[in-house]
Amino acid sequence: MNSSTREGRALPWALVTPALGWTLLFFVLPFVAMGLSSLRGSGDSSFSLANYSQFFANPAYWQAMVNSLEVTAIVTVVSVLLAYPFAWILAEQVPERWQRAALMLAVLPFWTSYVVRSYSWLLVLSQNGVINRALVGSGLLSEPLQLANTRFATVTGFVHFFVMLLTLTIFANLKQLSPSYRKAAADLGAGPARTFWHVILPLTLPGIMVGAFLTFVLCIGDYITPQILGGNNELVMPQLVMMQIGRRGDFPLASALSIILMAVVTVAYLACARWLKIERT
Amino acid sequence: MRLALRILGGLYAIAIYGFIFLPVVVLVLFSLQATSFPIPPFTGPSLRWYEAVLTDTRLTAALVNSLLVASLSSLVAVTLGFLSAWGFARFVLPGSALLRGLITLPLTVSYLIIGMGLLVLFNWVGVPKSLIAAGIGHVVINLPLCFAIIYSQMGDHQVNIERAARDLGAPEWKVLLLITVPVLAPAIFAAFFLSMTFSWDEFVISFLLTRFDTTLPVEIWNLLRSGLNPKTNAVGSLVFAVSIVLVLLFELTLLRRKKP
Numbered sequence: 084m085n086s087s088t089r090e091g092r093a094l095p096w097a098l099v100t101p102a103l104g105w106t107l108l109f110f111v112l113p114f115v116a117m118g119l120s121s122l123r124g125s126g127d128s129s130f131s132l133a134n135y136s137q138f139f140a141n142p143a144y145w146q147a148m149v150n151s152l153e154v155t156a157i158v159t160v161v162s163v164l165l166a167y168p169f170a171w172i173l174a175e176q177v178p179e180r181w182q183r184a185a186l187m188l189a190v191l192p193f194w195t196s197y198v199v200r201s202y203s204w205l206l207v208l209s210q211n212g213v214i215n216r217a218l219v220g221s222g223l224l225s226e227p228l229q230l231a232n233t234r235f236a237t238v239t240g241f242v243h244f245f246v247m248l249l250t251l252t253i254f255a256n257l258k259q260l261s262p263s264y265r266k267a268a269a270d271l272g273a274g275p276a277r278t279f280w281h282v283i284l285p286l287t288l289p290g291i292m293v294g295a296f297l298t299f300v301l302c303i304g305d306y307i308t309p310q311i312l313g314g315n316n317e318l319v320m321p322q323l324v325m326m327q328i329g330r331r332g333d334f335p336l337a338s339a340l341s342i343i344l345m346a347v348v349t350v351a352y353l354a355c356a357r358w359l360k361i362e363r364t
Numbered sequence: 073m074r075l076a077l078r079i080l081g082g083l084y085a086i087a088i089y090g091f092i093f094l095p096v097v098v099l100v101l102f103s104l105q106a107t108s109f110p111i112p113p114f115t116g117p118s119l120r121w122y123e124a125v126l127t128d129t130r131l132t133a134a135l136v137n138s139l140l141v142a143s144l145s146s147l148v149a150v151t152l153g154f155l156s157a158w159g160f161a162r163f164v165l166p167g168s169a170l171l172r173g174l175i176t177l178p179l180t181v182s183y184l185i186i187g188m189g190l191l192v193l194f195n196w197v198g199v200p201k202s203l204i205a206a207g208i209g210h211v212v213i214n215l216p217l218c219f220a221i222i223y224s225q226m227g228d229h230q231v232n233i234e235r236a237a238r239d240l241g242a243p244e245w246k247v248l249l250l251i252t253v254p255v256l257a258p259a260i261f262a263a264f265f266l267s268m269t270f271s272w273d274e275f276v277i278s279f280l281l282t283r284f285d286t287t288l289p290v291e292i293w294n295l296l297r298s299g300l301n302p303k304t305n306a307v308g309s310l311v312f313a314v315s316i317v318l319v320l321l322f323e324l325t326l327l328r329r330k331k332p
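Residue numbers (the working numbering), protein chains in the order written: chain Y, 84 to 364; chain S, 73 to 332.
So here's chain Y without its partners, still in its complex pose (with noise of 0.2 Å):
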């Protein structure tokens, strides 16, 4: 603030400009490209809107989008409702020292790489896998279960990573609530089910959509989850993008359905911009 008169406006803009350069050059101009990329015709020169409507016209693409936005809604609602109780008995019922400790159990898990922990739910539900292994091997079924390179296995290997990123939101936010609403509460005569119905839950309400959020814009734009554990039966929208890319080739055509798949997620930003404008204040 009073250095500027020492050294003139040359040494902040210095300071700054090597880090906005590297942004407009590898991260805006590359959006343009693609931008531009995606009102490219495969075959002429000239610009059309023929890869957006190629989206709109092919049932299949179509597909890919309904499968993602249905994947990504129920993976959201089941990880919040499974997260929320596990935070809330980590911040209620576990003693205070012990905290810490039981939270760097639940996230110890995920400090193998990404794409190996997907992989390894493969172990666990294909036809020779643990699950049907013991389900046969203990005589409750014939014939092992149909369970991997299906929806029901992307759902698993999501749930299993955003039910620890919500159960860390939900948890923080849960202790940063002031004791004295639960005391108010319980001086006022509400039992600890009233309290959490009518108190602490609608206080927590900014917190968890913020974290369903983050897990929305995660889970929507990961292809790793989906393509090891999914398969290629139902497909949604990042594995559409890179089938373009990596077997067709079609750089445009992968560039309007990355930027359909953008405009998606800015309008779910918008929708829910509301709520996690309350979190700030």
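FYI, nobody ran anything at the bench for these hints, they're computed from the structure.
Quick caveat: nothing in here was measured; it's all calculated off a predicted structure.
Some clues are possibly wrong.
To be verified - To be clear about the criterion: a stretch of chain Y counts as covered by chain S if any three or more of its residues have a C-beta under 8 Å from a C-beta of chain S, and this derived list gives those stretches:
(1) 101-112
(2) 193-204
(3) 304-317
Claimed, not checked - Taking CB as the label site, the calculated pair distances span:
(4) Y:A273 to S:V317: 40 to 50 Å
(5) S:L170 to Y:P227: 50 to 60 Å
(6) S:P258 to Y:L223: 48 to 58 Å
(7) S:G167 to Y:V149: 35 to 45 Å
(8) S:I316 to Y:L164: 23 to 33 Å
(9) Y:R180 to S:T176: 33 to 43 Å
(10) Y:R180 to S:S118: 37 to 47 Å
Don't be surprised by glycine CBs; every beta carbon is placed ideally from N, CA and C.
Let chain Y serve as the given structure and place chain S on it in line with the hints.
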């Protein structure tokens, strides 16, 4: 009633821990058997597949590549993040809020789209696929993180120490190296550590932007094509072990820092 709730809570917590640990336990357990499929029944401990991994030159080369890309890209991201955080925190710049928003913008975009954009751009300009291209992408995802972490730690109380140094005649570069960097060391260290972690584990950008020489997650991905493979189990278990050692070291150094 209270007791019942506690028991129920305990059972629920055990169930969730079981769910969280199930895949990693299976991964490590079946990395330790000699058969060529990592499936039950467990046939006793063997380090056969660990040996196979450590003698596989593609995997060890990918491991070295991953370490190189992670450390170099994190170094660039932390340096750029630190300099810009210092610039924005200490000086009044026109359009500061907008420019800060621009630097943190990549946080809101998925890695797939960042990788796609770079692929399209590099393809147009004629930059070949390489580890450097992937490293550039890793700086893009980690720079906003480094900036945000370091910027949030630049409190006003540090301004006074810097001012004192300047009044005593220290030139600007000395203030930076002898005052600002040491004071912010924990934040810089945390930013570097987080960047390393994200770069080390990043898949889709490396997958799109590298060809023959590639990083460990991509090489593991290539192993997955052969289906269930005990070698994958062994690599995964090794990555897991290394990560846990690093996290413990991180915890210990941070705790030690706090004590005096």
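Now the hints, each set against the structure:
{"no.": "1", "hint": "101-112", "result": "holds (count 10)"}
{"no.": "2", "hint": "193-204", "result": "holds (count 10)"}
{"no.": "3", "hint": "304-317", "result": "holds (count 5)"}
{"no.": "4", "hint": "Y:A273 to S:V317: 40 to 50 Å", "result": "48 Å, holds"}
{"no.": "5", "hint": "S:L170 to Y:P227: 50 to 60 Å", "result": "57 Å, holds"}
{"no.": "6", "hint": "S:P258 to Y:L223: 48 to 58 Å", "result": "53 Å, holds"}
{"no.": "7", "hint": "S:G167 to Y:V149: 35 to 45 Å", "result": "41 Å, holds"}
{"no.": "8", "hint": "S:I316 to Y:L164: 23 to 33 Å", "result": "29 Å, holds"}
{"no.": "9", "hint": "Y:R180 to S:T176: 33 to 43 Å", "result": "36 Å, holds"}
{"no.": "10", "hint": "Y:R180 to S:S118: 37 to 47 Å", "result": "40 Å, holds"}
This entry satisfies every hint, going by the numbered hints stated previously.
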